[in-house]
Amino acid sequence: MKLSFSPENEAFRAEIRQWLDENLCGEFEPLRYRGGPGDEHVFIDERKAWEQRMAAGGWVGIGWPSQHGGRACSIAEQVIFHEEYARAGGPGRMGHIGEGLAAPTLIAYGSAQQQQRYLPAILEGREFWCQGYSEPGAGSDLANVRSKAVCDNGVWKITGQKVWTSLAHEADWCFVIARTDPGSVGNKGLGFFLVAMDQPGVDVRPIVQITGTAEFNEVFFENAVAADIVGEPGEGWKIAMALLGFERGVSTLGQQMLFQNELDAIVTIARKNGAAKNPLLRQRLAQAHLGLRTMRYNAMRMLSGGEDGSLQREALVYKLHWATWHRDLGELAMDVLGPDAELLGENGDYDLSRLQSLFLFSRSDTIYGGTNQIQRNIIAERGLGMPRELRPR
Amino acid sequence: MKLSFSPENEAFRAEIRQWLDENLCGEFEPLRYRGGPGDEHVFIDERKAWEQRMAAGGWVGIGWPSQHGGRACSIAEQVIFHEEYARAGGPGRMGHIGEGLAAPTLIAYGSAQQQQRYLPAILEGREFWCQGYSEPGAGSDLANVRSKAVCDNGVWKITGQKVWTSLAHEADWCFVIARTDPGSVGNKGLGFFLVAMDQPGVDVRPIVQITGTAEFNEVFFENAVAADIVGEPGEGWKIAMALLGFERGVSTLGQQMLFQNELDAIVTIARKNGAAKNPLLRQRLAQAHLGLRTMRYNAMRMLSGGEDGSLQREALVYKLHWATWHRDLGELAMDVLGPDAELLGENGDYDLSRLQSLFLFSRSDTIYGGTNQIQRNIIAERGLGMPRELRPR
Amino acid sequence: MDFRFTDEQVMIRDTARAFLADASDSAAVRAAMAGQGDAWARVTGEMGWQALTIPESCEGLGLGWVELAIVHEAAGETLLVSPLFATLGTGVSLLRACAGEQQQADWLPGIAAGEATLGVGMQGPGKDWGLRGCGVRYRPGDAGYELRGELASVVDGAIADTLLVVALDETESPESARVFRVAADAQGVTRRQTPGLDQTRDLAHLQLSEVQVAEDDLLDGSRAGWPAIQAGLDLGVIALAAELLGTAQRSLDLAVTYTLEREQFGRPVAGFQALKHKAADMMLRCECARSAVYYAACTADAFLEGQASAAQLAEAASIAKASAGDAAFENAGEALQMHGGVGFTWEYDIHLYFKRARAGRAQWGSSDWHRERIAEFILDGDEAMS
Amino acid sequence: MDFRFTDEQVMIRDTARAFLADASDSAAVRAAMAGQGDAWARVTGEMGWQALTIPESCEGLGLGWVELAIVHEAAGETLLVSPLFATLGTGVSLLRACAGEQQQADWLPGIAAGEATLGVGMQGPGKDWGLRGCGVRYRPGDAGYELRGELASVVDGAIADTLLVVALDETESPESARVFRVAADAQGVTRRQTPGLDQTRDLAHLQLSEVQVAEDDLLDGSRAGWPAIQAGLDLGVIALAAELLGTAQRSLDLAVTYTLEREQFGRPVAGFQALKHKAADMMLRCECARSAVYYAACTADAFLEGQASAAQLAEAASIAKASAGDAAFENAGEALQMHGGVGFTWEYDIHLYFKRARAGRAQWGSSDWHRERIAEFILDGDEAMS
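Protein chains in written order, with the working numbering: chain L, 1097 to 1489; chain X, 1097 to 1489; chain P, 269 to 654; chain V, 269 to 654.
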């Protein structure tokens, strides 16, 4: 057990830091600290251009194996990359669903042909992805997927509705879980499809959120043509579960640095407006700092791998931890703002400040991707061996 | 809606106050503030003598109807009595199970003969009662009672085990719920029995608690003779439920005054040792005060009766409220005590101070008489119409 | 002692609910958020609530704070967008406590007739509730007094016809506190509506530059300084607490209704113990807040009849505000969570409750502020309050 | 960066657990509470843990703080009653940080050999943790220094052979802080074991009256004053945090085991969602505490190797102590609740965990105290800590 980084690691840190210094400026300067959760709807074109700049610098797919064009960076290097990226205020990544979810899935389960078709466009920041998992009424319960895939002369066609799809209207591709076996129930009989968004059978409707903005969408598929199926029909559940694993990868460290930026902003305000002298707020600010640190330590354990490579307890609790922490941070932000917390900007409709937006948008953290209640069930059942929920007779 | 007491009420207040002044002194002086929850095992003989003094003063059964020897006091007068009693530091009542539970049950469901046999001895402070409800493994689930009552030549004999019976070794009588119909399950087929404690078939074994003291007991019945059955065989559930209702009567106000005494003691220490200057503790002390006040207001609503006499929402939440409040008060007491919280007295084994005892003993409040979890189920199901728990297939 | 509604109070409640179910349904609230509709005209025209606590001698209904709490609770249940709280809850309350007899006779009949709305201002920008946050100073002026300063987050301050302004003199001592009646269109008053996170309540920023106030417009009862003014404000705190009680209760109701309808894993999600227990805790908070609010309302009546002290009123008001504010915010937050994905969409109403609850909990003294005031009573005095 | 146990560390943990399952089972703990049995003889004889962090040059095992945390965690799991924490966790830690090289060479071998136990004292009666609560003052004396004052709640202070006493001079300035080595039987030292709510840990009250200390018994590294001493104490804070982690984890384990066995309404109560969710939250607290404790242990190693600053050590120690202290107390409290009626009987062990957790959370700085120290770092400095 040791925490320190090697001299090679530190050289890598210097490299990314310098690159960001030289590139996250000029036309990209306004993107600093923008485009994160709750703010994903801003600067779309500029952020796509930024993805291409990143790609040109060789900073996309740094964790991918080299045979797929990646840099095969070690965990430590990836940690460093995400730390420095967030420290510099790097904008919310338009490409993260492609780079962090679609690509690892294709690398693990895709055919050579699929890898050749999709990976370069992701690596070059040319094509963007979104995720078609949740369905209305099914919540995060993937086993309840009702979207259907029908094979028509060798072409899979998708019909159904997905919801909570972020950036769907900006994406070129969507990966979709749909039922290939019409008689199946639960986690059997699902397939994992790649669907082009720009076709008549795909209709994207924004969902206006508590913030008044819309970054989530409903996506309606009606006989939409799937360009590809990954794996075999019926393997969709297995692939989707692996993909959920990728979500808990190194990118969590990037998320943490965004959180750190938010906490820093709150601390700055507290020091300015006197809230930092309030003993109650001091305790809560310290607890927020403490919670973020333990989140980071948990992620470091997660990335280092468990002693026997099996169940990682720290991974099991990770979502519950960050979601709850982030929601609490939103409340803390408002209390630190004090009497000004309620007042909006006066530039147009419902002009939320960054911290007001944090307060409202973070309410979704404990809901999407498995509510806190679902997370607690999973922890108790898988982590502690407590009985599963009873089903109705 | 009005809160004030009438001049007649205030005259009544003066009367009980004066009586306590003149009687709770001398030999009874050491009993002040003693004998409450967690402290019920002290001064047994003296407290029995005190009950007789109370009886002589006409202060037992003040809420009973006059035909049974009570004073038929109004709710307002009973409120006043309990307030003044607790304000004076009146000791924990040895007779409260007889006066507050057995007697109202007998008045409601007992035969004239039973009323004549039992009520005078309660009224005169000569006979004391305990309660045989809970059973091992059944928790607070009365429907799970396994104790049996068999009628043998017109004499009911009880066999079974009760637990969490307070003051059983000091009681003359126990009321016991037992199954009269051997084939019955759930809340059917139960009977409500009156059993003398001083007989060979009754064995009382103290349960040593977290405090190192024992005021709860296990009681074993083996063919113990029941002197009486109240109501008919099979009516036990109905009678027991009514009795649970009596528990939420005016005596709750007395309990609140005990709580107030505890909170006052904590405030006194906080003012003395500087804890009252700690902003975190100030918030918690204020919240404790607030919680106790709302408990009092809830009780006033409860006693005034709902607008339509049916479901009283404030009554439904009452147990959860006080139990949680009291447990939190115990933790607050320790934090106010600060570095001294950990240190015991040096008079014998495990010499807890009053507030240390509060801290430990209040952990039982959220368990006995229906755990907080059971209370929440009841509130959700009866108060909010949410579905009952599923049973295993 | 009788701590339950009279038959008349039950009727007032039922009437209020029936009226608001129509006048302040979701569509009406959303229209009002966009500046359309006029619930206030219906409130004054059909219900006459603006006259509720105005004495009969001043052409009001002569009812008390229990009735005031009942209509505010109903308003909080439906997120009524109107100057009811500003005019009746805060304005009339302050006048009842601090205006002289003649002043009441002069001013209250117009309000009772629905001809004028009120706004109460004390807090300066970025300042806390309480006298220390007072944003306006007065000094002798040509006509009597001259006011200058800034006020933030004045509820309905941009639409009120008449402003009641709490101000200090240069000594900034509690004894110097006074309340002035200022016409909204008086020379030197600049008003700007400030958009808020909670769109169901209008807030305003007010600038006062050398505003001249006549001697007659100094509220007589405020000449004694802070204690009388504080009592007047506490009467308003109770109205806000009642609103928050309504918001807390409706949040619970919405959550229970939604979870009974929504199915997951083959059964209504209301059957899951985790949600049942959340709901039970929400109900506990509601019932405590309910008792605290109506106790405070009874105390307000007793105070106005000289049967309760200002300290008792302050304690009861703080307990009510902290209880109801926390109940509203926590219940609305839990209700949002219990709605799952739809809870944070604009389409469902629960986010409106959440925002109103947060704003209300912070206004007129946050829960922490009120707890600190309770702490002063129990910890700092020579004797604990009775 | 590799934040997982090495194979050797896994072995140390497994060995520790196997040893304590026997040497510190429920019967052994209860016997020790009554003053019987001697786990310490077995710890020193069979395991040699007293030598764990003593350098090999001083005849110790030369291991680091990760290993120290491992054995303390195991001790916390079983409520081990012994001077392990006092001697190794606090005493050796303070010597490692503050004793000079020669002093370490002179003193540590005897401790490594299991010949001496240590106790560390700083807090005066009724005082908080931290320098402001320091209960002893020194001044020049015949032999070097003279100490006087009172110490409260000294862990194992009544049985330790050697006391390490943090003291101030009359200026009471942080710069004047020093650590003195005092023989427990020195002239002027009066010791009294003080019974505690937690019976698994001995506490003592110490009276120091004109105790003479030789110049050589002033720890060399403490001549620079508070910062070095604070670092030495923080090394001990980590040991206590590790113990509390063990207590938190075992509380969870006991609760899960009990609820899986106990049936109600026809099924194991572990199947009720309310209890599952409590257990999930307990596990979250455990895992956060675990990461915080081992991160702090790594930071301690880095500090002793000159790779981390005292401020980084302080931050990591405070995070570990607050996380583990809260986890232990909250988990033990929930576990007690999950046990239902038997939870508050003397017979079941869970109340022993509850009491140890409360005591441990309060000792060596409460969670609030440590959070306030974190707040100072992030809010009061010129720059936030990295």
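Hint data in this document are derived by calculation from the structure and do not stem from the laboratory. Here the structure is a predicted model, which means the values were calculated and not measured. Glycine is no exception: its CB is placed at the ideal position from the N, C-alpha and C atoms. One or more of the hints may lead you astray.
[As the list claims (entries may be wrong)] Below, in silico cross-link-like pairs of lysine-lysine (DSBU-like), each with a Cα-Cα straight-line distance of 30 Å or less: (1) 1334/X <-> 1284/X; (2) 1244/X <-> 1334/X; (3) 1373/L <-> 1373/X; (4) 395/P <-> 1368/L; (5) 395/P <-> 1373/X; (6) 1144/L <-> 395/V; (7) 1334/L <-> 1253/L; (8) 1373/L <-> 395/P.
[Said to hold, decoys possible] Looking from chain P toward chain L, a few residues come up when the C-beta cut is under 10 Å (computed): (9) 370; (10) 371; (11) 373; (12) 391; (13) 399; (14) 405; (15) 407; (16) 410; (17) 421; (18) 534; (19) 540; (20) 542; (21) 605; (22) 612; (23) 615; (24) 623.
Evaluation of the provided hints:
Between residue 1334/X and residue 1284/X the alpha-carbon distance is near 9 Å, which keeps this suggested pair within the 30 Å criterion. With a C-alpha separation of about 18 Å, the suggested pairing of residue 1244/X with residue 1334/X holds against the 30 Å cut-off. Under the criterion of a C-alpha separation no larger than 30 Å, the hint pairing residue 1373/L with residue 1373/X is consistent with the structure, at around 15 Å. This hinted pair checks out: residue 395/P and residue 1368/L have alpha carbons roughly 14 Å apart, not beyond 30 Å.
Proximity of residue 395/P to residue 1373/X is assessed by CA-CA distance (about 23 Å); at most 30 Å being required, the pair is judged to hold. As the CA atoms of residue 1144/L and residue 395/V are separated by approximately 60 Å, the hinted pair breaks the 30 Å bound. Restraint check for residue 1334/L and residue 1253/L: satisfied, since their Cα atoms lie roughly 21 Å apart, inside the 30 Å limit. Among the hinted pairs, residue 1373/L with residue 395/P is consistent with the structure: their alpha-carbon atoms are about 15 Å apart, no more than 30 Å.
The interface hint given for residue 370/P is violated, since its Cβ lies 36 Å from the closest Cβ of chain L, which is over the 10 Å cut-off. Because the closest C-beta pair between residue 371/P and chain L is about 31 Å apart, greater than 10 Å, the hint is violated. A hinted interface residue such as residue 373/P counts as satisfied when its beta carbon comes closer than 10 Å to some beta carbon of chain L; here the least separation is about 36 Å, so the hint is violated. With its C-beta approaching chain L no nearer than about 7 Å, residue 391/P sits inside the 10 Å limit, and its interface hint holds.
Taking 10 Å as the C-beta cut-off, the interface hint given for residue 399/P is violated, the closest approach to chain L being about 15 Å. Restraint check, residue 405/P versus chain L: the minimum CB separation of about 19 Å is more than 10 Å; hint violated. The beta carbon of residue 407/P is not positioned within 10 Å of any beta carbon in chain L (closest approach about 26 Å), and the interface hint is therefore violated. Taking 10 Å as the C-beta cut-off, the interface hint given for residue 410/P is violated, the closest approach to chain L being about 33 Å.
Checking residue 421/P against chain L by beta carbon gives a least distance of about 6 Å; that is within 10 Å, so the hint holds. For residue 534/P, the interface hint holds, since its Cβ comes within 10 Å of a Cβ in chain L; the closest pair sits about 5 Å apart. A least Cβ separation of about 7 Å between residue 540/P and chain L falls short of the 10 Å threshold, and the interface hint therefore holds. A cut of 10 Å between beta carbons decides the hint on residue 542/P: the least distance to chain L is about 5 Å, and the hint holds.
With 10 Å as the threshold, the beta carbon of residue 605/P comes within range of chain L, its nearest partner Cβ sitting at about 6 Å, so the hint holds. The closest approach between the C-beta of residue 612/P and any C-beta of chain L is roughly 4 Å, which is under the 10 Å cut-off, so the hint is satisfied. The restraint placing residue 615/P at the interface with chain L holds, with a minimum CB-CB distance near 7 Å, inside the 10 Å limit. For residue 623/P, the interface hint holds, the least distance from its beta-carbon to any beta-carbon of chain L being 8 Å, beneath 10 Å.
Checked against the numbered hints above, the structure breaks hints 6, 9, 10, 11, 13, 14, 15 and 16 and satisfies the rest.
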